[in-house]
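Engineer: Chains as they are written, first to last, in the numbering used here: chain A, 10 to 375; chain B, 10 to 375.
Calculated directly from the structure, the hints in this document are not laboratory data.
Heads up, some of the hints might be wrong.
Claimed, not checked - Simulated crosslink set (DSS-like; lysine-lysine; CA at most 25 Å straight-line):
1) B:Lys75 / B:Lys112
2) A:Lys359 / A:Lys13
3) A:Lys75 / B:Lys295
4) B:Lys359 / B:Lys13
5) A:Lys295 / B:Lys75
Unchecked claim - Just so you have them, the derived chain A footprint on chain B, three or more residues with Cβ under 8 Å:
6) 70-82
7) 86-100
8) 228-234
9) 297-309
10) 325-339
Even for Gly, the Cβ is constructed at its ideal location relative to N, Cα and C.
Protein chains: 2
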Amino acid sequence: MKLKLDIVATDGLARTGTVSTARGSFTTPVFMPVGTRGTVRAVRTSDMERLGAEIILGNNYHLMLKPGAELIADLGGLHAFEDWSGHMLTDSGGYQVFSLNPKVSEAGVRFQSTYDGSYHELTPEGAVRTQELLGADIQMVLDVCSALPAERSVIAAAVERTAAWAERARGAHQRTADQALFGIVQGGAEVDLRIESARRTVALDFDGYAIGGLSVGESRAVMLPALEAAVAELPSSQPRYFMGLGDPIGIIEAVALGVDMMDCVLPTRLGRHGTLLTDSGRLNIKRAEFARSTEPIDNNCPCEVCQRHSRAYLRHLANVSEPTAATLCSLHNLAWLLGFMDRIRHAISKGTLADLRAETHEVWSR
Amino acid sequence: MKLKLDIVATDGLARTGTVSTARGSFTTPVFMPVGTRGTVRAVRTSDMERLGAEIILGNNYHLMLKPGAELIADLGGLHAFEDWSGHMLTDSGGYQVFSLNPKVSEAGVRFQSTYDGSYHELTPEGAVRTQELLGADIQMVLDVCSALPAERSVIAAAVERTAAWAERARGAHQRTADQALFGIVQGGAEVDLRIESARRTVALDFDGYAIGGLSVGESRAVMLPALEAAVAELPSSQPRYFMGLGDPIGIIEAVALGVDMMDCVLPTRLGRHGTLLTDSGRLNIKRAEFARSTEPIDNNCPCEVCQRHSRAYLRHLANVSEPTAATLCSLHNLAWLLGFMDRIRHAISKGTLADLRAETHEVWSR
């Protein structure tokens, strides 16, 4: 078994537990910081260790182009390359490639590199192969990701091709001893297509299941019914991963529907712009009101940044664009979000997720 | 006494010892990393602690404009602002202001802020006052810094005005209980003017003496005689600080002439461009030859970066412009340079500075 989910406690549809792999284990629900090009932006491996992150992402699109999957494999794989001994998941790169206006055929996707304009192809089999070279603990199938809103016919075609590609990926996957492969459910905001996509993906028997093509700009009212319909079709004994989700309300709503894993660039992207996550909601550190504030970002936060730096100091660094500001704000946001996941796991264990959910809505709807 | 130099060993003109202050002590010869705008660029306070840096710089020009010296004073001074408990020295900002083509009169310098174009004035008394507000352990007088090469008459005028301003700064300095004030020797590459400037500065009885206006692009053959002449006039019982020096040969030559302190942005600036300091000389991490190198930057280096990251990984991060590359390369360069200072102090203690000097020339003249 490459991967096993042990559910320790449930609260409604939400569950908390442990995913065991060949590498070790991580707790769920889990937020996975995104290290797109071989590092979480503006921070370093030792920071991720200090933060207690259990699993981070890498991106196949970026890494296959630079420095190249073969090169990373020759150096011992992505874990060795980054000197990261925690868990790692790679995305297939489908999401990035489909944003480049590629030529899509049944065979795969032909696209131009954003690095040098060179032409490349990504196929279901090729994405499996390069992700095997990268060697993350979990890899993702190549799926067809449509922008929303989209015509129903476009979504239906994406579901169809995603299913065909998933079958090819399933057949191509050889590194099964130490690497799990997750299928991806598509279907846009169409509940019946989500159900169909989920059933067809589950029929292929993956190690875990992701919900893709949501949290791409649609409202939460559009997102949640599609998510709920998809999750209801997924086996409860396997991990469920909502791709690209990072806002606190979105996370807790997904968890309440039974999602176990999520990732997003949000905490680091916001951090680079001086926007901070706190127990009282978002805080823009560049605001004049913080010029003389000796308070930390968040009084409740145990992170290195909150333990030693004032809002006034961070505001200054951000306002003069010192790179250190991006690092410190990213570190805090990651720490805050990982702490939020702790609270979610604890609440599920105690059966108090409803309270945390209400509190989260209260704070983050302001 | 605000500041006391205890010389523990000498080797020729070189000396190693301890500078004691109201805050504690630091060892010399010392290299001081530059935290121009309130942080050493791309790294953070905890990094400087881990590196074992004993004293860092701040810059009065930048800090008086943003966030402002009064604001920093209200927040407890620069140490509290940065949460840095080691030693700190602030430069007067003269070097920066003179590079802005300012209006110079006997009263002071009128210049336009590089942040917003607003007009500001820096006077000898004003520079003392703002540096008292910043509250570093050591502050520097406002001097007149000429670009080199320059007409002898220009240099002579700079020496004259520097002396007059030094006297005014000396008289204006009130925070004498916990803050030292250093005078600055000017005189360009003119040996007799260096001697004159040194004598006039020493006559004003400062807590330490700096050599300014060198290492500004002139050759080492031009620089060293001027430095030697100036240092010979300075009291051996007080610290001597060569401003803006950071290359290994320059450092060891200055130390061999009796210099105790130096600073430079070199290690961090080079680091941001992927140029690394090693026991074998400079290394450009972006070169293709390092694409698959599992070696650390420098096999002899005990720093965090060399202990865990390969040249291949750093090359990749630098080539895709991940901010983490700037941080890791800056950290290594700082660690290497601080380690080089360790070796210098050790060599002086053992009486083997000549060997280290020969080795340094051998490696860094390649």
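Engineer: None of the hints should be skipped; say for each whether it holds.
Structural biologist: So, going through the hints one by one against the coordinates:
no.	hint	verdict
1	B:Lys75 / B:Lys112	21 Å, holds
2	A:Lys359 / A:Lys13	23 Å, holds
3	A:Lys75 / B:Lys295	13 Å, holds
4	B:Lys359 / B:Lys13	23 Å, holds
5	A:Lys295 / B:Lys75	13 Å, holds
6	70-82	holds (count 4)
7	86-100	holds (count 3)
8	228-234	violated (count 0)
9	297-309	holds (count 3)
10	325-339	holds (count 10)
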